[in-house]
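Chemist: Below, each chain spelled out in residue letters.
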Amino acid sequence: NAGVTQTPKFRILKIGQSMTLQCAQDMNHNYMYWYRQDPGMGLKLIYYSVGAGITDKGEVPNGYNVSRSTTEDFPLRLELAAPSQTSVYFCASNVGGLNTEAFFGQGTRLTVV
Amino acid sequence: AQSVAQPEDQVNVAEGNPLTVKCTYSVSGNPYLFWYVQYPNRGLQFLLKYITGDNLVKGSYGFEAEFNKSQTSFHLKKPSALVSDSALYFCAVREGGGNKLVFGAGTILRVKS
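Heads up: the sequence lines are chains A and B, in that order.
Anchor point for the first sequence: position 33 equals 279 in the numbering used here, and the numbering is continuous, going up by one each time.
Anchor point for the second sequence: position 21 equals 23 in the numbering used here, and the numbering is continuous, going up by one each time.
Isolated chain A (complex conformation) (with noise of 0.2 Å):
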């Protein structure tokens, strides 16, 4: 069982720079989110998606971009890489509903530079 899969791990960017950050999972779950992680902020939602071809802001989508042609993939697109989007990225899905838990990856830490 992969669940919730982040790719890469880790990376540096340098400002001005673009990059994916890819999310997929093999639940069939309907609902999928991106969440950036901040020492002592908690986690702020960018954006989330109920399906395929859905997508919707969040707390937080300046700077990001997001599309969802497939149930299994959620991508986030960074244009022009600032030092404020250095953070820990987090992916998430649930199959929806309210009272259903959310299945996270296991992130991904990238430094702008």
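Heads up, a few of these hints could be off.
Only pairs whose alpha carbons sit at most 25 Å apart, straight line, appear in this in silico DMTMM-like list of lysine to aspartate or glutamate [to be verified]: (1) B:K24 - A:E305; (2) A:K260 - A:E318; (3) B:K51 - A:E347; (4) B:K51 - B:E68; (5) B:K71 - A:E347; (6) B:K71 - B:E10; (7) B:K102 - A:D302; (8) A:K255 - A:D284; (9) B:K24 - A:D284; (10) A:K303 - A:D284.
In case anyone wonders, no lab produced these hints; they're calculated from the structure.
We have chain A; now place chain B onto it with these hints.
Modeler: For chain B alone, coordinates are given in the frame of chain A:
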């Protein structure tokens, strides 16, 4: 909008003693409440949830949590702490009718032998 507060940045307990990690929430509708645990360099893992029914819910690894509607609290408890319980704990709330899971800032639990 829903919100979660974890008033303690860190909780220190001795092994074998009971532990409590506090959480209060604010939602406009019925709350769906969750506790997650994060071990170093890992993603979040689900511990337990309150949806409806009994105010005392039991979860993984001997943890339990008590829902108190009048105090809008959902404190995490364990009767006897283990050193292996040392981790970062997050409380989260999903508002009835909403798609988003909002996390608190997290509480570091340190259990000393």
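Chemist: Out of the numbered hints, which ones does the structure contradict?
Modeler: 2
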